[in-house]
Every structure is written in structure tokens, then in C-alpha cells.
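6 protein chains.
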Amino acid sequence: MVKMVSEFTEGEHISGQLLVSNAAKCVNNVGAAYMNLDLRDSSGNINGKKWDVGADDESIFEIGTVVYVEGEVLKYKESLQLKILSAKRVPMEDVDIAKFVKQPPVPKEELVRRFNAHVESIKNEDCRKILDYLIKRLSPKLFDYPAAVSVHHDYACGLLMHTVSMADHGVYFAQYYPDIDKDILLTGILLHDMGKTIEFEGPVIFKYSVEGKLLGHISLMMSEIRRAAEGLGIKSEVPMLLEHMVLSHHGSTEFGSPVLPLTKEALLLSLIDNLDSKMVLLEKSLDGVEPGSFTQKIYPLDNRMFYKPKGE
Amino acid sequence: MVKMVSEFTEGEHISGQLLVSNAAKCVNNVGAAYMNLDLRDSSGNINGKKWDVGADDESIFEIGTVVYVEGEVLKYKESLQLKILSAKRVPMEDVDIAKFVKQPPVPKEELVRRFNAHVESIKNEDCRKILDYLIKRLSPKLFDYPAAVSVHHDYACGLLMHTVSMADHGVYFAQYYPDIDKDILLTGILLHDMGKTIEFEGPVIFKYSVEGKLLGHISLMMSEIRRAAEGLGIKSEVPMLLEHMVLSHHGSTEFGSPVLPLTKEALLLSLIDNLDSKMVLLEKSLDGVEPGSFTQKIYPLDNRMFYKPKGE
Amino acid sequence: MVKMVSEFTEGEHISGQLLVSNAAKCVNNVGAAYMNLDLRDSSGNINGKKWDVGADDESIFEIGTVVYVEGEVLKYKESLQLKILSAKRVPMEDVDIAKFVKQPPVPKEELVRRFNAHVESIKNEDCRKILDYLIKRLSPKLFDYPAAVSVHHDYACGLLMHTVSMADHGVYFAQYYPDIDKDILLTGILLHDMGKTIEFEGPVIFKYSVEGKLLGHISLMMSEIRRAAEGLGIKSEVPMLLEHMVLSHHGSTEFGSPVLPLTKEALLLSLIDNLDSKMVLLEKSLDGVEPGSFTQKIYPLDNRMFYKPKGE
Amino acid sequence: MVKMVSEFTEGEHISGQLLVSNAAKCVNNVGAAYMNLDLRDSSGNINGKKWDVGADDESIFEIGTVVYVEGEVLKYKESLQLKILSAKRVPMEDVDIAKFVKQPPVPKEELVRRFNAHVESIKNEDCRKILDYLIKRLSPKLFDYPAAVSVHHDYACGLLMHTVSMADHGVYFAQYYPDIDKDILLTGILLHDMGKTIEFEGPVIFKYSVEGKLLGHISLMMSEIRRAAEGLGIKSEVPMLLEHMVLSHHGSTEFGSPVLPLTKEALLLSLIDNLDSKMVLLEKSLDGVEPGSFTQKIYPLDNRMFYKPKGE
Amino acid sequence: MVKMVSEFTEGEHISGQLLVSNAAKCVNNVGAAYMNLDLRDSSGNINGKKWDVGADDESIFEIGTVVYVEGEVLKYKESLQLKILSAKRVPMEDVDIAKFVKQPPVPKEELVRRFNAHVESIKNEDCRKILDYLIKRLSPKLFDYPAAVSVHHDYACGLLMHTVSMADHGVYFAQYYPDIDKDILLTGILLHDMGKTIEFEGPVIFKYSVEGKLLGHISLMMSEIRRAAEGLGIKSEVPMLLEHMVLSHHGSTEFGSPVLPLTKEALLLSLIDNLDSKMVLLEKSLDGVEPGSFTQKIYPLDNRMFYKPKGE
Amino acid sequence: MVKMVSEFTEGEHISGQLLVSNAAKCVNNVGAAYMNLDLRDSSGNINGKKWDVGADDESIFEIGTVVYVEGEVLKYKESLQLKILSAKRVPMEDVDIAKFVKQPPVPKEELVRRFNAHVESIKNEDCRKILDYLIKRLSPKLFDYPAAVSVHHDYACGLLMHTVSMADHGVYFAQYYPDIDKDILLTGILLHDMGKTIEFEGPVIFKYSVEGKLLGHISLMMSEIRRAAEGLGIKSEVPMLLEHMVLSHHGSTEFGSPVLPLTKEALLLSLIDNLDSKMVLLEKSLDGVEPGSFTQKIYPLDNRMFYKPKGE
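Chains as they are written, first to last, in our numbering: chain A, 24 to 335; chain B, 24 to 335; chain C, 24 to 335; chain D, 24 to 335; chain E, 24 to 335; chain F, 24 to 335.
Because the hints were derived from the structure by calculation, they are not lab data. Heads up, none of these hints are tricks.
Note that identical chains are pooled: a pair holds if it fits in a single copy or bridges any two copies.
Derived PhoX-like pairs (lysine-lysine); straight-line CA-CA distance at most 25 Å:
{"#": "1", "residue 1": "K333", "residue 2": "K258"}
{"#": "2", "residue 1": "K331", "residue 2": "K205"}
{"#": "3", "residue 1": "K331", "residue 2": "K146"}
{"#": "4", "residue 1": "K106", "residue 2": "K72"}
{"#": "5", "residue 1": "K301", "residue 2": "K131"}
{"#": "6", "residue 1": "K48", "residue 2": "K106"}
Looking at chain A on its own, in the form it has when it is part of the complex (with noise of 0.2 Å):
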């Protein structure tokens, strides 16, 4: 059985693929050199250190790949060490994929499943045509991409189960208030992030690309669905209503939307994607808190640490 980077513990010694993240050599204060590493899998990361640099330890430890390593993990101020005894490289097609990036909670099956059956239950034509257009041509990527970077959802398929909660919920509320076109609510919600395929990049560790940076995702969707209407041969403001839901969806123009919202589905788009990312990012800081303690500080809800109630 695999051992995860979290569940190691001082004093033991292990063995296994460690993805190498980041390396340099160094000298130590007696003048003797080494190698600095960060390790990591999916489970979290380990400073590591090579005492004696062989000839080939520059080039085995590549930033990016993967190695084969032997070591013994010690504590050294507060956090975990892993002092290395002995390392190689892993070709890729020998890599443990499913080691290095983290699960969705749900199978990307099921998901895949949930977000086929929203595509199936809309019913306006130009809402399915640039749908249908817009999944063929940004899948597989659509399916397998974290939703954001380091915040929340941020594993495989993130974006689609991000995705799919939203529509789940735009589903909820078009039933419960009145006048909603849930046709365009719902084509929007499976439109709105689309452009993070454009905007991330990487196989294993994703980032932004240059493109990303400089244009960003809201902006590349939207000239996506407008080209894809003008292929499509549009009329009905069906594209300009989807455009506008995808250009207004952060909400703020301080989070980079450049208009704001302006129609109840794109107003109702916003507070649902709000909801749905602040929650899950709620989630995912209170696991492993203990009842009765309080989370770090959690930057994107405004540097705050919760309290997990005891539950008693």
C-alpha cells in the first residue's frame, strides 16, 4: 500500500514517488553542499534534504518530475523532514497519476453523468446548439480541470463538480422564484467557468497560463459563445444574454467581471456561485479541525478563522 505525504510520522522510514516541486543546491554553514526539496503528492508536501550530492542528484532531482525516493523523516523546527538516502527518476509512464492529484468527492463518472442530464433538460434551441458547440470543442479538459488554482474545488474535475452543484442549485431556485428562464439560468451555469481550460494549463501542476494572465477566463468565454453564435448562425439574444452572464458572474468589478449583473438569471448565477465556492472552501479549511477549535486564518474569506461548534 502507498504511503501518503500526510501520514507520515517522525522517526519513520519510507519509501515511494514524490513528485519534486522545487530544488537547489546549497552549502551549509560548514561549507559542505546539499540539496533542498520540497516533495509532494496529493495528500500535502515535505521539505527534503540530500546531505551528500552525488554527481547525477542535480539532474535526478528536475523540478516537475517524479522520483523514486528512500528516506528517513525527522522534525526539524516544529515541521516534518525527510532526510534522503537514496533517489531516482520515475519515467512517466511508470508515474502513479492517481497519487498526484487529488479526488473529487464524487466519481468523475457520476459527475460526468449529472452534467449530461442538465445539458439534456433544456429545451431552448440556441441555448443546446451553442452548448452543444462549446462542451465538443473545450472537452476533455472541461471535465478533468480544477476550478481554481489554490482556493476551492481545487482537484481533479473541480470544475465540473463546481459546475454541476451550481446547476443543481439553479434548478432549486428556478422552481422556487418566479419568472426565471431556467434554460438561460442553467446554459449559463454550465457556460460561466468554461474558459478556465483556456486560462489554466499543466498536466500535473496546473497554473496560469500567459494567456490567462493577461486576458483572463471571464473575457476568453465570452468571445467563445459569441463566435460560436455567429458560427451557429444566431439571431435571438439568446448569445448576448449568455455573454453577459459569463462577463458579470464575479459580481464585483473588483473580482474582475467588467459589467455587472444586470438580468435576474445572471443576478441569481452570481449569488449561487458565491455560495456554492465559499462553502466548499468552508469545507475544506474545517477538515480535520477539532470540535471546539478554531481554523487557520482563511485569506479568501477575509483572513478569518471559524469555529467548529463541539457538536455536543
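With chain A held as given, fit chains B, C, D, E and F onto it using these hints.
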């Protein structure tokens, strides 16, 4: 059949009960006295003019009373105006109350039934004790008050309507997201705005009480829970969690919450409150707007003008 | 010779074409009907009154049409008012268009010539292809539109005037500071506001289109560039850099840019845009102010009142 | 005589009682274990190192206990460090409490006397009843607590010191400005921060209680007054005015006041509170600064560095 | 006895001197000319109408002059209006100045005496030299000017009243808190607002001078101190400390201080200034308000409406 | 040839002059003393260690002096470190000044020539008199100082370089836009930052003077102009306009301007200042960045990371 103010049209002769919401004796620019009036029912208001002021007119048109008037509807500077031909006071017992208070979109009996069903669903004993005690103490106002003086849910039973909607949403989300204490969430929702029964006053025209202005419904309600819990001898964390939800439910110090949400249930409550308030407010603002055009500026929604799609 | 509204003086008798920008049939406080009108040409507007309403008057004074009126200029509460003696509609083909649209300080032909010279100076092929394609697609509006509805450059060809001035400044600074890609900068400047041809609409009275309100000229133009580049098969970074310049040119998320300038050329473009807009706006506001006194409050300049020195 | 941490100098041998405020067992970079400690008394704190970890050392250096240590003071990276030679736990009954809690600049007895004199001066009966009830209920903490955890008045009796100073100022201003209700003002001052006795907890190291974090001393104290007034059967406006003063005394919603001052006495209270807090905080920050030089950055004063004049 | 504007009542016939603060010749909606006037004395203002415009009326009602009028007080749209029967100009030498400038609550002689006593109490020679020089240079305006155009202390000698109150408070706090340089504090207080004698201008109606608008009293006064110190050959830190106190006394860059308080005396000065300004402003706003009711919105106090307790 | 710090590479032996910008005697974790040093020249800085501390070492490594060192360059935790083998102080007369101050991109002589040409071009006599007087008074610092301590133009003559660039831009825009008083604009530009010669101090390491911190260069310069104008007997508006330009040139109260630009020339000056500062700062930040990658976060540009295009 009673004709409502919103149905008045230029040129017509009308008669019926109207509430005097403002009145002043004035002199026109050729020196003649007249009464300048603001008259309303639950459907809207109209400027009124009584050109020949009689001896009793000042006492007839007392602010806050209901008068029976006959008059002609004219247009003055693009607005309608009521030229009053005769008027007399209506004794309180003859006032047609239903004409002056906007009715909720769902009958009060139905709302009370749903409210009670939510109460019944709560199993946590401390929650139930506090809830039962406070419902008893603050009803019947609890079931009759509007949720706000001039924003969302500003009709009879608006507070009840808003509370029941939020409770419905609470049940939905408590089932959707893991690890939510449904009883705490639901109790918090049912209690969160009850302080408004102290904050507002007045049988027909609701306005802030002095206590409401100086203390606010949030602090008033927190004190109510604290006293209730002490009187009931409750020793668990429950009262503190409920008090926290009440204090933090505006979600921002800017809007009068002295603390920000620090539990999962408090965060969810504030998000649901925000969502329901905005949706109902927008619904009301879009009412009567032509498809393909925009609303007036909506002050509590950043003064934005919302678009009602053509819905082709 | 045509007398303009701004030249009207108290007591004089006038006749000529005027645009009906607002109209309403009203009743005065002795019960008589009259038409209340807002009449304008490019020099300003005046309140108009037609006291004896004839059968055709409502159809004559249709909002958005031009009428030929005869009347007397009076003073009412410190403003001039036009007492209309007679009026008839002017067929569109007889309308003196030049009277209703403010002319730019430099003739249109001269501006077009300078615009084209800037285009010709660009050597980067990808820039030229995109530029040529979009100029073709968006002219002639491009050469006729104002730069803003009511702020700076609000005259015919204002967009062109603003663009040419910014291009001149761009050439100056590209020579002054090192390492600026002049072709990228110039192309970005020429394109940056072209989206306004979609954002605004209407031949005589410019106003925001629904698309302009819901999407904004920034996102609209970014999509135009993206589609153009794709259609033209351009693979370099050029389209991304141009899209980025368009998206970021307001220089602040508060003013609707979804991303902030992240390249040297984008930063310079936003600084030049800010400088030219403010200088032209101030120029317009100082126009007609006496030396040694202050302007009215200028809303887009923080409501400040500017001083015109005595210039001894 | 007891030597305090602030008096330690490089190279000296010391022995005495120290509070363990932090402790961790670590491994240095040649693999040897050591204890890394944070040791303090009321004068300051020092990093401690125990290099040869004995079997009992982890239990001796328990966080929150007082130990008797012998050691040598060394310099490490510009800070002093205590190399511990021997250590043993001190039983709670032998702890020299006075060494670990900063003493107020005025003796407690003197502060209590002045506090009581202010209470005695109040003639309004409702004020006196509420005050007497709450002093009884919340003392002795009221007389021992600091006014803040780490800002101004952070010493024993700091709360009392701050309250008495503000009461002195209150008396001064009530005589200076007309129409101030001195009894209301003084009672408000004496009560305003009493909620801190609930907000903080712990005999030696003060920290926020869970209730303090979730509810805040402002809301807690408002509830206390409300309940007291109800219990005492008080029907006048007095309790409402006092509650308002407590709720509004931070003077800004940003700092946790749910309502802003709306009476003359509430406004004056918040201004005096602000003045006294800042003056005492600055006094503390300037302490020990050389004439002609600047303090460190003072966080609650906008991170400014203050200047101590040369005083020639 | 002279009847003041604030004492006018509906229906009465009045005669006396009034200041013309605004005037315009208008035409009513039946074509007749009339004068529309704003008339005031120190107690308030009233709208005036002269219905039959005579040949000289435009020259009689010159803005800024004082006229002797006879007229009738009428009510028009809930406000009083003065129907003027006759009017003539009053030569400047016959103007009853005391009627047009609000008098301070303490006689000027008393204020001057207290101001001088504060000056006499200062022992630091550099402080005294600078103070004596500037008092000489800027009096007599110093003793006559209001402290603000329309906010707090807006009466004759308001600047002096405000300065003397602040000096009293300065003496109180310099005795209360340790290590305050009383002479520096007091000198700073006496000087801090003297720049207003340059910022404002005009004998009866105070308004900002061009220099006041373009430079501000803060920078003007700082320059005055600097030049004085240089002329007097002062070499100590004293002038710099005084200049710093003047520059920083608004306590916030938002309110025009280019630097924030960085000495203990500067911080205390800004706190005292804030306290006295707000207390006097509130006192003025509460004047005339019924016990148990609220003031109008007070703009400089965040537009809040303050409550005057019943004072049972 | 002199080797600069930025050219040091791991493993090499170096010798030469270095400035001691920080120094401390420390003890390592086996008890041995060593000197911990921060050494720099104009190209950068390096951490230095002297492991065997000799009797004179503390006096040799005095902060602010230049030492001649021999040592070895090592790598420690990813940074270079200088292991010092020997060191001796360099007498001030032997210091190679050019090595410690960054040189401007244009030679000083050239900058002085262009500055003087701008001065000569001014025809307004009052402007010339004030300018000549102040140049004389504040040179030579005026020609040698950096424009900022650590942001843009932080090299010798940086103030001069910034001023000359702005003057060039001023000439360009004064010709471009109508009705600009070129002499006022140019004089304002030449004067606007001269106060920095008082705000900064120190021959090699520039830092803020006490006067600079307490008063700021803006207020200091305003006073200089005011005194100059008085001394020169100038009666026109010119000094006021120049003072206003100096006071307002930061363009925002947030950045220390007590008044905002209120003349056309003041507005243009602040826009040019903003443009030149940002362009030069960005140029410096992009220096050395690879095409196709991003800069570090740039603090004064909202912490953004800028992109250097590939420039294909």
C-alpha cells in the same frame, strides 16, 4: 368594486377611501389657500389638491387618517393629480384595512403553516425550547410585520414570507452540503430577523422605533436569545451559536453586523439571506417593466438598472 | 443665417429647426392643457411651452423628430423659455443635419487623413492585417461616432479625434522611451475604443445600445480582435497583446477593465488615454469661463471646480 | 533581588523563574535533538535553547507553566538567547505572580478608590441601580483585567485604569460643554468596556474566549445592561441610552460597533475613548525611544513611526 | 426692537433691514415680471417676492447689499415667503452689522482675554517669539473670523472661540498625561487654524479666497511659521515641530493634511480639534430639537440624525 | 578592472572596495563569535560572514564606511555569500565613489545642458526670477540627487533626469493642446520636486531627513516659492499658480497632496509626472527579464507582475 390608485387614469371621476400620508395648507401665487396632499393605498400614491379650503379641511386631512374622497384625475407635469371635490374622515372601524396594506403573494395562513412545520422539524431540544419561548413572546407581530420598511418584502407578513423562504433554502442546502447542523441552521434562520418586531412600530405605516434606531434589530434579538437561554437554564453551546448567527447575519460590518460569520451555519445563513433579499427585491423592481427594456435605478443593488429580456 | 439655441436672448422672436428631445402633454393649475417640450440643437437646449394645444400637436412634437418653430424667448425662473407660436414637422430629407451634431475642432477629412497615415506607418504584418480587417468591418461608424455620450469628445468624429490624438502621443513616447514596440502600441491605440461603434447607437441622439450596457465596448472589441485573428490565421502573440491592451485600457477594475495593464505598451496606452481624456474634458469645461473665476463642478474630475488664471 | 528578562545582558549567568510561553522538541542539522523555547516574564521574552535533551525535558517545559532555570545569556543573530544549563518546574503556589503580570502605573487601590468615587457621584437613580448591579456581577475581574490583549493598557488593572481616566475626562467635558447629562455620560463610561471581562479569559496569559470571538464584548455588555434593567424593573429611557452608548462606543462599524453614536453623550464617549486609547498606546511606544529618533512602526496608529523631539 | 427672520410668523406685517443674498428678475407663467429674492439676517433666511417690478428694482436688490423692506409673511408650499410691499437700499454706514453676523456664545472681550492668558503662560522663548510675531501679523482678523464657512463655530469670533476651547483642553490634557511638552502643544493649538484668516475673505458674507481654494489654510500657515522662524533667526527644532502640527492637524490625508501626526503633541492636537469641532457642531444641530425626537441629517457627521433624549 | 557585486559568481575569489550597509557581531550555535555583514556597491548587495572575529573587526566593519576586502564567494540557501578572509578600512579620500552610486543613463553634463535650455526658454519674467533664485539656492543638490529613495529614478542625478524628461513632455503637450500657459507649466515642472533636496539627506546612502518625514517635500517647496516671491517683490498670480502646482502634483490626497489640481497646467503636470514615473519604474523592473516571462511583483504598480512579450 374598489378602484386602486394604480388603476386611476387621466380624466376619470373617482370616489373611495384613501390614506392621508402627507398634508399641508399652502398659498398659491395669486394668494389663495389650498391643501396640498399625498394620498395613497397599497397600490401606490397620488398627489392631491383641494383648491377651496373650507374651515374643517385642516382637521379632515390629518396625516395618518383615512378619508373618503370624491375627485377628478388630471395630468400635471407628466404625473397624475387628484383634484378633490369633497372629502370626509372615515372612522377607524369602517376603514377597509385590506386596501392599505399590500398583501403577500402567498396567503398568511399558508405561510404560518409552513413556518410551524419548520419549527416542528427541529429535534435539538435546546433549539426548540428557545424557539418556542421567543415565538410566544414576539408573536403576533412576528406573523404580521413586513421584512423591511421600503426595500424587499415590504408587505404584510413580509417578515414571515422572507423567513419561510430562507428556511426552505436552509433545508435544501443542509441536505446538499455535508456536516451542516440542520437544527442550528434552521433555528438561526427562524430567529434571525425577529428583532424587527421591536425595531419597527405602527399599525398601518411602519417606521423605525427610537429603540430600533439606537440599538438595531440585530443587538435587540441577540439580547432576547441570551435572556431566554438563561431563563430556560440552557448550558450548552446552542445559545452562543444562535446569538452568533443573529449578530453576523448581515455578513459585513458595513451593514451593521458587529461580528462576521465564523461558523459554517452562520456563513450559510448570511449567504441565503443575501440571495433571498436580492431576488425578491429584483422581482419587485422588474414588475411592470416591458420586455426588452430596463428598470429604474435600484438603490440597494448599487443603483443599477436591470434588463428584462425580450424572451422571444 | 441660422440662429443657434445658445445665441437666443430674452425678448427676441425666433424661427428655425429644432430637435424635440422630450415632449409631454400637461395640464396647468387652472386646468388648461399645454405641451411641455425639450428642444435642442448642437449648441444647447431650451424648455419650450405650447400653451394652446391643437389637435395635431401631440403628433407634431414626436420625440426624436425635427420641427420648424416660430416663437418668443422669455425668462422663467432665471432660465430662458421658448413660447411657441407655431410649429410643423420637417421631413428627414430637409433636416439641416449640421445644426444638430457638434462639429469637431479639426475637419473630419483632416482627421481621417492623419488616422490613415498612422495606419500606413505600421510595419508589423500581423498588426496591419488585423487593423485593416477591423477598420473595414467597423467603418464608417468609426469615423463618425463621438468618443463618449456626455463627457469628453462628445461631438461628431469625437472618437476619431481622440484616437488620432492618442496615436500622435504614442508616436512621441515610443521615440522617447526605450524598448517600446511602436507598432504594437500604435495598433492598440487605433483599436482600443472601436468597440464604442457597437456600444452606442442612433444617428442623431447617441445612446448606449442594450448590447453596450450588458457587455460593454471593452469586451465587445476584445472579441472582435480574437475573431479577426482567427479568421486571418494569425499564430503569433500579437492578437493576445492587442486584446490585452483593449481589455486593460481603462487602467482600473473600478472603471470596467477586467484586467490591469501588464505590458509596457498597455500601461503607456492607459496613461495616454487618461491624459488625453482629462485634458479635452477640462478644455471643454473651461470654455467660456471668465479669467479669474472657476468652472462649475466637473463630475468626472472628482466634482472639482477648476480655476482659469487671470493671465496677466 | 529578581532580575527581569529586559535586564539580561550578553555574557551573564542568570537564574530565576520564567514562564514557558512556547516549547518544541527539535533536531538540529547534524541530527541531535534540542528544546526550542520561548521564555518570558512581564518585562519581555527571550528565546531559550536546551541543547542536551533529557528524558523529562518535554514534561518540564510544558507550555503555560513556570520553570526555575539556570543559564547563560548569549547573542545569536543580533538577539539575546538563553542557553539553559538546568531547569525544574515551579509549583503554582510558589510562583512569584507579580513577576509575570505588568503592574499599572498607578496602584490598584488608588484606581479602585477613584472608580468608586465616580460611582458615588452619580445621582440618577436608574443609572446607580444598573451600575451597582453590574459592578457586583462582574467584579472582581472588572478590577483586575487588562483593557486589551496586546495594544493599549495591556497590564493588570488596565481596564480599570482606562475606565478611570475616561471618567476623569468625562467629568471635565461635562462641565465644559453645555447640556451634557453628566450622569448618563459617566455611567456609560464606567460600563462601556465591562464586557471585556467576558471577552477575555485566563489568569496569567489573557486571550479571547470563544464567546468573546463569536459575540464580542460590545454585544455581550449590551445584553447585560438589558437584563439588569429588566430585572430591576426600570421603565425610563436610561437603559436604552446606556445600551446605545455601549453599542456605539467604537465609533465606526469598521471597528465592530453595530450602530454609530446618535446622542451627544454617546458621541463624546467615543471621542474620549479614542483619545485615551491612542495617547496611552503612543506613550507606551515612545517609551525607551531616544530623543531625536523615531519609534518602530505602530500598527494601530496606521503603521506610522512617531518622532520623539530632542527637547532642547 | 428688531424682529429677526427666525421670528417671522405667517400672516404678520414686518419691516426692517435684510441682506440680499440672491436676486433674479423672472417672468411668471402668465407673462408678468417679478423679482425672486433670497433675504437673510444672522438668524436665518426667507424667500422674497416683489410682484410688481418697478424701474429701479433690479438696482435696489443688488446681491450683497442690505435693504430696508416692508412686507407680509405668507405660507407657500409649507415654507414662509415674504411678499414685499416696498424696499429701499440702506447705506453701508447705516447697516445694523450686529443683525447680520451671529454673535459668539461668549463675549469677544472675554475670549481675547483668555487667548492672551494662554499666550502669556508659554515659557519656551522660541514659541513665544513665533507666536507674538504671527499674532501681530494676522490680527485683527484672527479675533473676528468664524472657524468655518458653514459647519461648526460659524459665527463672529468663531475661530477665536474654537482656539480658546482647544487651548483649555490642551492645558487639561498636558497635566493629565505624562511627557507632553505643554508649550509646544499650546503654541501649536494657538497657531493651527490661523491660516483661515487668509483662506476666507469678505466682511459680511465669508467665502473662500482664490488663494484659499488653490493652496488651503494648512499650507499657507505652514509657510507663515517657516518665514517667521527664519526672520527671527530661530535655529531650534521648535519651528519644525510647530509646522508639523499645523500640517497634520486634520489627522487624515483625506481631509487635506499632507502628513499625518508623528509627534505626541501633534496627535493630541488633532484629537482635541476633532473632539471640539464635533461637539460644537452637534450642539448647534441639537439646538431647537424637541426632547424625544431626532435632528435633521448632519452632513459632516456621516449624515446621521441624532437623538435628543427625553431627559425624564 | 573593478568587479561589481552583481558579477560575483559561486566559487570565485574576489578583492575590492565594498560599502558596509549593515553589521552585527553574532554567536553561532556552537558558541563561536562571527561578524554578520551586509556589503554592497551600486550593482547590488551580498551577505558577508567573517568567521574568526579579531579584536579590531567591530571597529573595521562600521556601518556606512567602505572596506577593502578579500574573500570567497559561496552559495548558502540559494543565495551567494561572501566568506571574508581579510578586511581593512578605506580612508574617505581613497573611496572609489563611482562604484557606489548608480549612474544615470544620460551623462550629467548633458542633463544639466538640457535643464538650462528649458530655463532659458521661459519668457515670463516672474517665472524666471523665482526659478533663478531657487535654482541658485538649492543647487548643487538639485543636480545630483536621485528622484526617489527606492522606486523610480533612484540613481545619481535621478531628480534631474526626471525633471528634464517631464519638461520635454511639457513642451510637447503645450504645443499640442490649446490655451496652455507654457511658461507656467514649464516653471512648475522645473520646480515641482526641488523640495526633495531638503527631504533627502546623506552623501552616499540617501534617506529621509527628519524634516522630510515631518513636513514632506511638497510643503517644504511651497514655502520656498512663497518666500522667494515675497523677497523678490512679485505681486502677480504667478507665485500662487506655481505653489498650487507644487502642492497638487501628486494628484491625490492619498499620496500627500493637500489640494488637488485645479488649473489646467497643474492637472497636466500631475498627469505627466505620473506617466514618467511609471514608465521609468517599469523600464527598470523589466530590465533583465527574459522575453516571454514575467517580472517580480512591482509594489508601486499595485504589486502586479508585468509581461515582457516574446517579440517574435
